[in-house]
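*Asks:* Using the hints, position chain B against chain A.
The chain contents come next:
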Amino acid sequence: MLQERVNLNRSFFFSFTVAVFILGVLLGFHLRVTNAGKTAVPGDREQKLAMEKKNLVEDLYEMQLEINDLSTKLEQAGIGQKEAEEALKLELAKIKQFAGLSGVSGPGVEFVVQCRQGQTEPVSGRALQNITDQHLLKIVNELYCAGAEAVAINGQRFTAVSEIRLAGGHINVNGVPLAPPFHISAIGDASALKGRLALKEGLSDYLNVYGISIEALEKSKIVVPAYTDRLSYEYAMVVKENL
Amino acid sequence: MNKPSKTKNLYLLIALACIILGIVFSVHLRAARSVQQNESIRKTQELTVQVEQMKKERDVLQAQLTRMRGQLENMLTIGPHASPGKEDIEPAMIFAGVTELTGSGVKVTLQDGSAVQKPGDNPNFYLVHDEDILKVVNELKAAGAEAVAVNDQRLTAITGISCSGPSIRVNKKALVPPLVITAIGSPETLEGALKMRGGVVEFLQFCGIQVSIKKLENIAVPAYKGGIKMNYIAATDIGVLPVSEDENG
Numbered sequence: 026m027l028q029e030r031v032n033l034n035r036s037f038f039f040s041f042t043v044a045v046f047i048l049g050v051l052l053g054f055h056l057r058v059t060n061a062g063k064t065a066v067p068g069d070r071e072q073k074l075a076m077e078k079k080n081l082v083e084d085l086y087e088m089q090l091e092i093n094d095l096s097t098k099l100e101q102a103g104i105g106q107k108e109a110e111e112a113l114k115l116e117l118a119k120i121k122q123f124a125g126l127s128g129v130s131g132p133g134v135e136f137v138v139q140c141r142q143g144q145t146e147p148v149s150g151r152a153l154q155n156i157t158d159q160h161l162l163k164i165v166n167e168l169y170c171a172g173a174e175a176v177a178i179n180g181q182r183f184t185a186v187s188e189i190r191l192a193g194g195h196i197n198v199n200g201v202p203l204a205p206p207f208h209i210s211a212i213g214d215a216s217a218l219k220g221r222l223a224l225k226e227g228l229s230d231y232l233n234v235y236g237i238s239i240e241a242l243e244k245s246k247i248v249v250p251a252y253t254d255r256l257s258y259e260y261a262m263v264v265k266e267n268l
Numbered sequence: 004m005n006k007p008s009k010t011k012n013l014y015l016l017i018a019l020a021c022i023i024l025g026i027v028f029s030v031h032l033r034a035a036r037s038v039q040q041n042e043s044i045r046k047t048q049e050l051t052v053q054v055e056q057m058k059k060e061r062d063v064l065q066a067q068l069t070r071m072r073g074q075l076e077n078m079l080t081i082g083p084h085a086s087p088g089k090e091d092i093e094p095a096m097i098f099a100g101v102t103e104l105t106g107s108g109v110k111v112t113l114q115d116g117s118a119v120q121k122p123g124d125n126p127n128f129y130l131v132h133d134e135d136i137l138k139v140v141n142e143l144k145a146a147g148a149e150a151v152a153v154n155d156q157r158l159t160a161i162t163g164i165s166c167s168g169p170s171i172r173v174n175k176k177a178l179v180p181p182l183v184i185t186a187i188g189s190p191e192t193l194e195g196a197l198k199m200r201g202g203v204v205e206f207l208q209f210c211g212i213q214v215s216i217k218k219l220e221n222i223a224v225p226a227y228k229g230g231i232k233m234n235y236i237a238a239t240d241i242g243v244l245p246v247s248e249d250e251n252g
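Just so you know, the sequences run in chain order A and B.
With the working numbering applied, the first sequence closes on residue 268, and no number is skipped along the way.
With the working numbering applied, the second sequence closes on residue 252, and no number is skipped along the way.
These aren't lab readings, by the way, just hints derived from the structure by calculation.
C-beta: ideal position from N, C-alpha, C; glycine also.
There may be inaccurate statements among the hints.
To be verified - Derived list of chain B stretches under chain A, where covered just means 3 residues or more per stretch with a C-beta under 8 Å from a C-beta of chain A:
#1 42-56
#2 164-172
Claimed, not checked - With the Cβ distance kept under 10 Å, some of the chain A side facing chain B (calculated, not the full set):
#3 Val43
#4 Asp69
#5 Leu81
#6 Asp84
#7 Leu90
#8 Lys98
#9 Cys170
#10 Ala175
#11 Gly193
#12 Asn197
Chain A with its partners taken away, still in its complex shape (with noise of 0.2 Å):
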């Protein structure tokens, strides 16, 4: 009798303790189900793919107005010599300008850069700096960054192939040296342009540190000259696509 009752007690808590552990298993796999709507997808993966899609919908909409501009171009160029020419000369105007061959003005930036004067103390434990073609660089790829249409350095056209690199005791654009302080010129949304630099953390107040100081000035117009020099090419050859 005891015995039985041992024997029962014993096969009641193996099944009992069997779905109870069951049961914990569902318990804890449902959990994670449920979190898993929480977690499956980041939070910033939706972020990521509405920011791709605003990028995208800009690039669609100047790509058509560009489709659009060439198409009116070559209904043109098919109605007669006149407007041929016409259209041409116009198509030609507009790649020598994103070329930055041709001088252009309109509304932007202009930005100083520089030591700051009578700064001999840098601020906490940083060491004061000079500035170097890296910042310059820094700041003309923001610039772009922030959709500058045109931009110069200290009247030096910034072109397609144009370098920003330290010689000797200068800092060379095109091939020419210049000097401090540094004027650069920007064609664009002005808002936009020293918005990106005046980032919390951004461009600014990293230079800022080193005792450089970034002036920006608004204008209504800002005239960017030309690329002067001459264009030759040793090396590069254009594919002729037959059309």
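*Replies:* Below, chain B without anything else, positioned relative to chain A:
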């Protein structure tokens, strides 16, 4: 007498456990299903589809744009309406970046470092950043590169290189690693400039980034395939040719 009541008890308990198990199971199934219909997942899926579609659309437009631009360029240089100073036109188009080019040059490949990180190391240190590309490109330009592209994006006068999260954007398009910078110019000069002592390559390798430079006799640099936007440049400036017209004339 004790035995039957004990077994009854046992069965009751097991039945109870089974009922609870059943309830949990059904709740679990429902939860699993509702997760799929979760708002954020649905939105993300929707966005993914949209983005994919727009990318396809962009490719179509890109092809169309390149074709049309090519037609106009052909007219400019060879057609019956070719402008008088056509020797000046081709260099201008190369300079603008609207034509595909070939020539000798170098191919620089940058890859995130593969070194095993020690705990406490900053993982950022081993990644290729927008700044690194900017440095390499600047050095290539200083060494006389005639045209530069990063992956399939031609660098133009107004190209920005930016960093958004883990991806690097050139001409506002996200690039897929490995990052390949192609430049047309004298292969020796370009390579030499990068490999200079205390130069860019040394710096990048110090940062743990894998750099490989290949000199090539024939390298292709693609054309810029985007739109040319001029929203802020005064319209009167477009259409007149202040510099070159004088030269041509």
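*Asks:* Any hints from earlier that this structure breaks? Give me their numbers in increasing order, please.
*Replies:* 11
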